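Chains B and C: place on chain A using the hints.
Going down the list, the protein sequences come from chains A, B and C. Each residue of the first sequence is one higher than the one before, starting from 1 at the first, in the numbering used here. Each residue of the second sequence is one higher than the one before, starting from 1001 at the first, in the numbering used here. Each residue of the third sequence is one higher than the one before, starting from 2001 at the first, in the numbering used here.
Derived lysine to any residue pairs resembling SDA-like cross-links, with alpha carbons at most 25 Å apart:
(1) B:1311 x A:165
(2) A:315 x B:1260
(3) B:1121 x A:75
(4) C:2164 x A:230
(5) B:1121 x C:2017
(6) B:1121 x A:329
(7) B:1347 x A:141
(8) B:1121 x A:323
(9) B:1311 x A:169
(10) C:2056 x A:143
(11) C:2127 x A:221
(12) C:2155 x A:230
(13) A:315 x B:1151
(14) C:2056 x B:1215
(15) B:1121 x A:331
(16) B:1121 x A:338
(17) B:1121 x A:141
(18) C:2098 x A:242
(19) C:2098 x A:207
(20) A:315 x B:1142
(21) C:2127 x A:217
(22) C:2056 x A:240
(23) A:315 x B:1263
(24) B:1121 x A:143
(25) B:1121 x A:326
(26) C:2056 x A:146
(27) B:1304 x A:170
(28) C:2098 x A:217
(29) C:2112 x A:236
(30) B:1311 x A:170
(31) C:2098 x A:211
(32) C:2098 x A:220
(33) C:2098 x A:230
(34) C:2155 x A:221
Partial chain A-side listing against chain C, Cβ under 8 Å, derived:
(35) 220
(36) 223
(37) 228
(38) 233
(39) 234
(40) 236
Bear in mind the hints are in silico, worked out from the structure with no lab data behind them. If you're wondering where the values come from, they're calculated on a predicted model, not measured in any experiment. We put the beta carbon where it would ideally sit given N, CA and C, even for glycine.
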Amino acid sequence: MSAAAKPLAQTPVAALPGERLDWIPLALIPAIAILALPFIPSLPTWVTLTVAGLAMGMMIFMMAAGLTLVFGLMDVMNFAHGVFISVGAYAATSVVLAMKASMQADSLAANLSAILPAVLAAMALAGFLGWFFERVVIRPVYGDHLRQILVTMGGLIVVEQLIHVVWGPDIIPLPRPATITGSFIVADAAIERYRLLAVLVGLVVFVAMWLVLNRTRLGLLIRAGVENAEMVESLGYRIRRLFIGVFVAGSALAGLGGVMWALYQESVNAQIGMQVMVVLFIVLIIGGLGSVGGCFVGALLVGLVANYAGYLAPKLALGSNILLMVLVLLWRPRGLFPIGKA
Amino acid sequence: MLSTLISGDYPRSRVLAVALVAILVGLALAPFAFPGTRSVNVAAKVAVFILLVASYDLLLGYTGIVSFAHTMFFGIGGYGVGIAMAKLGVGWGSLALGIALALAVSAVLAFAIGLLSLRVKAIFFAMITLAVASFFQILASQLSWLTGGEDGVTYKLPELLLPGTKLMETTILGVEVNGRLVSYYLVFFAALAFFLVFLRMVNSPFGRVLLSIRENEFRSEALGYRTVTYRTVANCIGALGATLAGALYAIWLRYTGPDTTLSFNIMIDILLMVVIGGMGTMYGAAIGATIFVIAQNYLQDLMKLASTATKGVPLLPDLLHPDRWLLWLGVLFIVCVYYFPGGIVGKLRAATR
Amino acid sequence: MAEALLSLAGVNTHIGQYHILQGVDFEVPRAGLTMLLGRNGAGKTTALRTIMGLWKASAGAIRFDGREITRTSTPDLAQLGIGYVPENMGIFAGLTVKENLLLAARSGAPDKKRLDWIFKLFPAMQKFWNGLAGNLSGGQKQMLAISRAIVEPRKLLLVDEPTKGLAPAIISNMIEAFKELKRTETALLVVEQNFHFARSLGDAVAVMDSGRIVHTGSMAALAADEQLQTKLLGLSLESHQ
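Pulled out of the complex, with its shape left as it was, chain A reads as follows (with noise of 0.2 Å):
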């Protein structure tokens, strides 16, 4: 056998969704919401909680996936990037502040002439500081590990003053807009109209990621970039400029996370972006580190245990994240979906 065959060439992982699918963890997300079935007492209220399960893992996995791909593709980790989803939720609250009355009306279109803008705008600015952080902080600490950290912890130290400076130190209330809020009934179960959306937006990006990464040239060049950036410059490719145009990406997306987790908490604090960090390196570790299939399970998985967890013993969780990565270590050490690199 060769002497560069890796064991993964044995196993039939896919790093991220395509068509040979490893499915025993995808799997596992159907069968953590069936397991909790039986210690929850009504039916309605599993279907709540599963609702809001998937409604927080998606969040969750749009702030993660830029995250993860990043890290995959240039094998940086941007211990700041917690201020993409702190800029996002900022930017999107002053337009919404500034647009008071379409956000109030009754309208959906009323609403949406309030949402859309906001949204934008947290995408824009958020976007834009990813690409003033991969000019500017973190490219001349490309391949210094230890440098990376140390300078993206102090960006973050950085521009959560700033925030400070521009937007003041105070809690911001945020109302969602009227057309969203309250639930309805579902036979006994009150799901949350705003979770649904979340639920939803959560799928269309995920499928939108998914597309790109498997039907287009540019998700060739991006997954096999993820494996062996050097091979695909030895075929041709300028690959760093791919890399700034995914950094760009993974912020706005992270900007757009952190609008919808906003809206979900209906308040946004300077600390917005650095108090999900944790849970965000946690749902990495799950799915592995590069993979945005694996951080898909793992946003979800995460969702969905906080939820369940936060019924049945409130004590635990807060901690049941970082438990259920100890378990899914266990299972697979280097998580769900690892990635081969070269």
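Just chains B and C, lined up with the frame of chain A:
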């Protein structure tokens, strides 16, 4: 004799030597030279953090490991003292027991984390330590029956260390000789002693191997050093140092809580101190901790002046607002990572050459 | 005599503080197969990587097809017509055979005639067209790596130890494939340890030792001179097969 005391690790810069002596003298005479609760508090905090940051420098500066679990060990030390005093009754015996248990727990945890550090890349390791520290923080806030939860635990100390205890009727230089003074000097001398121990360690063959591992792990392995072992040992020693610092801090404050020991902000503060002071120098910890703690307490007053002075100018008053002192330290931190990897100490040493 | 396709003059390469290439001078002609031989650690892989721009030469000059390429970036070199097959093959395990080849065809899709030619050389590529590259055997992976390098015409092909770890039967297969390659307009520079492979295919040979070229000449001459073989490579290469 001086050479033995500082293990031959001379400051190698006149300015640095002066600064270090100033810090030493300042801390030694703090209760007399800077009387007043606030200033003595600052001095005690400086002493504690010098030890805490020195123990982190062993990890980051000398072994090249980035760990986010250091505040966890700091907290273990603090809670060791706090829980012992609160639950086991006040006394020297239980104090010693509390500290000993804390050290044992830290050693075991550090060993376990050290084992992990072999297999994984630096980034993965950093992420895992972050998760572990976060978990510990959650535990501390949830196990309120043991740790007092979010409120933390307040307690008394053996009588000798209590502020109410008067040891002498007369005052020395206007300062009352009471338990608080004893407490302060306990903290000061302990911190100084352990700092010198760390200094000895990094100047020993052990320390030199650590440096060689940091420079070129591959070559060190080839030369026969099991980097695994050295890294794990360094991890444990660093953790023990942090635990001791935590215990000292708990003795000083007579309070331990999640916000004084486990908060991620403290981890960030440690990073700022060690990088700005100078990684891999030990003395950088002293410089960094002093600058940081003093800035934390006194810079804000200065910034307040500057902020009101620039009122009317757009943006500037907000940037100079006293609450934004961390912004400027963060900028300084980033500048150091890019341009001055040796921090202030490195810069001073380079200037003399 | 036509100008050499590739020429290195006084090339030095430092990796960190290690001085690997210490003044490499040699040329690769426009046609035929040049073998780069040498002991382990002589710097052969470093030489290929330096040519391909993956490591930057710290001194010296490299010329390709009439232009100076010492500072040219790797993607640009690929576009100038240099193909590279690294020591660990560099195939993308998570992609299918089809996707691997698609990626290598910069113009979009592989030329049909070219593809048929590749399938003739390596039938396994057609057989496992939609299979994951990571599931291929060692020999098949190497075939894929080479297929990728030739899916578009190249002026120069740099190949690093194509027979490493392969079974003798597969090596024979490889020799046939390389003989086919030699019939095209591609010049080849191949690093090898397997002397049988080298002798069957090499036209010219260059031997490296301690970061320098210590011998150049024709393969035929070297193959005939056992004493020279021992001196340069440490042992009689009859035994090294």
